[in-house]
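**Student:** Protein sequence lines, in the order shown, are assigned to chains A, B and C. Read in order, the letters of the first sequence are residues 1 to 88 in this note's numbering. Read in order, the letters of the second sequence are residues 1001 to 1372 in this note's numbering. Read in order, the letters of the third sequence are residues 2001 to 2458 in this note's numbering.
To be clear, the hints were calculated from the coordinates, so they are not data collected in a lab. There may be inaccurate statements among the hints.
Once the Cα atoms are required to be at most 25 Å apart in a straight line, the calculated PhoX-like pairs of lysine-lysine come out as [claimed, not checked]:
| # | chain 1 | residue 1 | chain 2 | residue 2 |
| --- | --- | --- | --- | --- |
| 1 | C | Lys-2391 | B | Lys-1084 |
| 2 | A | Lys-21 | C | Lys-2287 |
| 3 | A | Lys-77 | C | Lys-2054 |
| 4 | C | Lys-2250 | A | Lys-42 |
| 5 | A | Lys-64 | B | Lys-1247 |
| 6 | C | Lys-2102 | C | Lys-2199 |
| 7 | B | Lys-1084 | C | Lys-2094 |
| 8 | C | Lys-2391 | B | Lys-1079 |
| 9 | B | Lys-1297 | C | Lys-2094 |
| 10 | B | Lys-1242 | C | Lys-2382 |
| 11 | A | Lys-9 | C | Lys-2057 |
| 12 | A | Lys-21 | C | Lys-2429 |
| 13 | A | Lys-64 | C | Lys-2094 |
Here are some, though not all, of the chain B residues that point toward chain C, as calculated from beta-carbon distances under 8 Å [what the hints assert, rightly or not]:
| # | residue |
| --- | --- |
| 14 | Lys-1025 |
| 15 | Leu-1029 |
| 16 | Ser-1055 |
| 17 | Ile-1168 |
| 18 | Ile-1179 |
| 19 | Ile-1277 |
| 20 | Val-1290 |
| 21 | Lys-1291 |
| 22 | Met-1299 |
| 23 | Ser-1304 |
FRET-style restraints, in silico, Cβ to Cβ [unchecked claim]:
| # | chain 1 | residue 1 | chain 2 | residue 2 | range |
| --- | --- | --- | --- | --- | --- |
| 24 | C | Pro-2431 | A | Thr-47 | 30 to 38 Å |
| 25 | C | Asp-2074 | B | Lys-1219 | 38 to 46 Å |
| 26 | C | Asn-2233 | B | Lys-1247 | 13 to 21 Å |
Note that the Cβ used here is the ideal one computed from N, Cα and C, for glycine as well.
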Amino acid sequence: MSRFNEDGKNISFTFNDVSYKAKEGDSITSALFSNEILINRKTYNKTPRGSFCCMGVCFECLVKVDGINGVQACKRKIIDGMEIYEDE
Amino acid sequence: MEKIYDFLIIGGGITGSSLAYGLSKECSLDIAMVDAYDHTYRASVGNYGLAWLQSKGYKNPFYAQMTERSIYLWKDFAKEIEEKSGIDIEYEQTGGFHFCFNKEDFDIRKEKMDLINTYYKHENTKTIMLDRKETMELYPHLGEEVFGSSYNKLDGYLSPGQLLKAQIKLCKEQNVNLISNYCTSTIKKENNVYIIKSEDGRILKTKQLVLAAGLSNKKLAKQLEVDVPISPEKGHILVCQKVSNLKLLPSLDIRQSQDGTILLGHSNEDRGYDLSIEEDVVQRIINNAVKILPMLKDMNLIRSWSSLRIIPKDGKAIYDTIDNSLHVVSTHSAITFAPIHVNEVSKSILSGKMPDNLQDFSLKRFEKGVSQ
Amino acid sequence: MNKIYDVLIIGAGPAGIMSAIKLQDSGLSILLLDDSFSLGGQIFKNVQKNQNEKNTKLFGPEYSKGFELINKLDLEKIEYLPNASIWSIDKESKVYFSHEGKSHKITANKIIIAVGSQERPFAIQGWNKPGVLTATSAQIMLKESSIIKDDAVFVGSGPLFYYVISQYIDAGAKIKAIIDTTSKENYFTSLKYLPKALKQMGMLLKGIGFLFKFRKHNIKVYQFSKNIKFEGNETLESISFNDKESINTKLAFIHNGLVPNINLQLQAQCDYEYNHMKRSIDIKVDKYKQSSVPNILVLGDGQSIKGVEVALIEAKIAATKILYDFKKLSKQSLNSECTSLDKKLKDISSIRDFLDSLYRPSNETVIPQNEEVIVCRCEEVKKSDILKSIKIDQKGLNTIKSFTRCGMGNCQGRFCGLTLLEIMAKETKQPIEEISYLNIRSPIRPVRISELAQLNIN
């Protein structure tokens, strides 16, 4: 993980039950990307997909948060202790 | 010398392509099918996608019997289309429901179904009533507000888009001349030949003319001084996300296509040609659907659209032949009736008239002095 | 929040913010809606939080102008709602949006749509593999979270492409290579616009500066590249191009120019037209930025790609017209202000034709070369599926949509519509400007059913 600016509070989250670190203020996409997690869902035909546009128009970054599928990772801030799963 | 077609069908939707395909199977005459623009009113692509029996023909035995005939043909028809075109039209005859929310609705529905059941020729066609427990055996995620249902095992669904694609492909393969972006503006008859002209001036001639142009049938027929009393009826469809770990049996309110997409429907509005999405209709459809399937609440609506059904003045259908050469077909059940259109109706058109068993649907019933 | 506003501004990028600034002292009720977390849009993303020495130095003075602009906004005089996603505008100007899990409905007398741009679809083989992201993503994650990744390969062309690479370098990232897809022919065809472009010498020099920067950092630049393929099993592993070249990498940032983000405008029934030079669908507007829908104005990159300076002036023009419509301004004032704004517009547009021409995307990059390329990412529709359907029926895009499901997924055609249009024009030989675009219907983004069920119970 590399950031040119390490300011900001460190937080932890889990993705598919594995623990990772991120910074407060990251979107879920940024948090996953900074941890080299490139796959967040599979299509209907089971093809793996990852974030693409980071601005809310491609709908590739979908994840499952708080039991709800279809959450756009680029439009949600990560919170300390957040549990994220691959979108179903 | 300009070419004179043997048959020209105006309308390249489900009805038009069913008839063109059927005709091309029966003969090697010159057939053309003209279709207007990509953005015209197209009932075919606004279709909910059911091959449906149980709600059809209340107090209308002929309609019920025609539907019955068609439903029994559907499985073989789907097989034929798929084998010949290589396109999967995703037809499944799973059985389907109409949900009732209280005893009163249930009793009314039972009365209707019992009456329609008396019209059918086969015992096997009957629609049965199921109490809540029986409904839940087939529809496990049922909401608690559902009292019971009517169920018919012959009801089913398919992909209207794939059916249209397959029929058009088959038409082309069987040498039907498909002329797109051809918006018919005038029709006249001269010396037993129909001469049609498009908005951009292209002229086509034909001996036999079939009007299968949806709502445009009215204005086209008028040019030949034939009155076709049809009008638009709006319906809304809501498309929700795909759900992979669920398989829902269809109803008019909710159905699931083969790829998992959930569709919500069941609305009728009298709005002329206005296609705007109406908030209160959308809410009503959603509230109704959520009562039937509460898990919908957490799903996403992806898009909505509305489309116009073709409704004859008395709500039935129109099948008529005038002067042994002008054939008019206007129906809002083009999907359900596709097997009959492809077989019975096409064969009959070739012999210069509509099938005898469709006489009840001729235009004569609208003439003054004729009792309904 | 009220039910009715005088003016609704959709989009809090430069154009939206400037419109709000120009209208905020008028006494009109104004609501500024935006779907991000903070003011600034894409170009000034996160500018309020990035006001420290390190970041201002990295992102440059242009970026800091965004901060100055935002400071002029008086949030006591207007209402501002972030994280609000609009999903429909109906024909009675009722606007529906989603905010924190609830949907709301409001009406506005005037609506300004300033939603900016999106990346042009760049359908090349393997573009759907995880590890392939847009260049904009690199910039967003840089601005929002200071994230940089080493050894990325940048693939594409265009002013923003070079700008993002430059920022990435300045932030300290090591860039593996740049695969530049700018077409060689463009260097010749754009020459005729160069004399006019010299009027904005500063911008030209900035562009040339980028090229020197890349050389200085010893980044390998492969010019005039073609036949690009992203390869790998589940995720990106390598990029092959120019038939015999290949680079191993796990990360690629791609960019083939910007196009207006038009789905809302189309759903609201605004007329549109195909722009040959920019190879985009633009929204038709008059000189006051009025669209074909009586009370909807469309500005900035959401109308046609012209850059931030133009967007700021258009915002002033539109605001002036609105003040006049609300009788806050005389006809004379309207005319004199718009005349002087038009002149400014002309002055800062000198470089536009040159840039548009030089970076006009090639057929190679806009029409997938291989039939196996996925055109519709959401529904996984390949070019071969589309060709098969065109063979059956050539009527138009909506027919192909109903035959293949291209455009029916979550993104609603945002990343496949233009590709489909270009393919259609090529295969049917119809003039591209005569082909109707996809029908875009509400909701323009997925909305939870529970929100819709609750709508009138707010």
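**Student:** None of the hints should be skipped; say for each whether it holds.
**Tutor:** Quick rundown of the hints versus the structure:
{"no.": "1", "hint": "Lys-2391(C) - Lys-1084(B)", "verdict": "holds (17 Å)"}
{"no.": "2", "hint": "Lys-21(A) - Lys-2287(C)", "verdict": "violated (51 Å)"}
{"no.": "3", "hint": "Lys-77(A) - Lys-2054(C)", "verdict": "holds (23 Å)"}
{"no.": "4", "hint": "Lys-2250(C) - Lys-42(A)", "verdict": "holds (19 Å)"}
{"no.": "5", "hint": "Lys-64(A) - Lys-1247(B)", "verdict": "holds (22 Å)"}
{"no.": "6", "hint": "Lys-2102(C) - Lys-2199(C)", "verdict": "violated (50 Å)"}
{"no.": "7", "hint": "Lys-1084(B) - Lys-2094(C)", "verdict": "violated (49 Å)"}
{"no.": "8", "hint": "Lys-2391(C) - Lys-1079(B)", "verdict": "holds (23 Å)"}
{"no.": "9", "hint": "Lys-1297(B) - Lys-2094(C)", "verdict": "holds (24 Å)"}
{"no.": "10", "hint": "Lys-1242(B) - Lys-2382(C)", "verdict": "holds (19 Å)"}
{"no.": "11", "hint": "Lys-9(A) - Lys-2057(C)", "verdict": "holds (22 Å)"}
{"no.": "12", "hint": "Lys-21(A) - Lys-2429(C)", "verdict": "violated (54 Å)"}
{"no.": "13", "hint": "Lys-64(A) - Lys-2094(C)", "verdict": "violated (31 Å)"}
{"no.": "14", "hint": "Lys-1025", "verdict": "violated (18 Å)"}
{"no.": "15", "hint": "Leu-1029", "verdict": "violated (22 Å)"}
{"no.": "16", "hint": "Ser-1055", "verdict": "violated (25 Å)"}
{"no.": "17", "hint": "Ile-1168", "verdict": "holds (5 Å)"}
{"no.": "18", "hint": "Ile-1179", "verdict": "violated (11 Å)"}
{"no.": "19", "hint": "Ile-1277", "verdict": "holds (6 Å)"}
{"no.": "20", "hint": "Val-1290", "verdict": "holds (6 Å)"}
{"no.": "21", "hint": "Lys-1291", "verdict": "violated (10 Å)"}
{"no.": "22", "hint": "Met-1299", "verdict": "holds (5 Å)"}
{"no.": "23", "hint": "Ser-1304", "verdict": "holds (6 Å)"}
{"no.": "24", "hint": "Pro-2431(C) - Thr-47(A): 30 to 38 Å", "verdict": "holds (36 Å)"}
{"no.": "25", "hint": "Asp-2074(C) - Lys-1219(B): 38 to 46 Å", "verdict": "violated (57 Å)"}
{"no.": "26", "hint": "Asn-2233(C) - Lys-1247(B): 13 to 21 Å", "verdict": "violated (31 Å)"}
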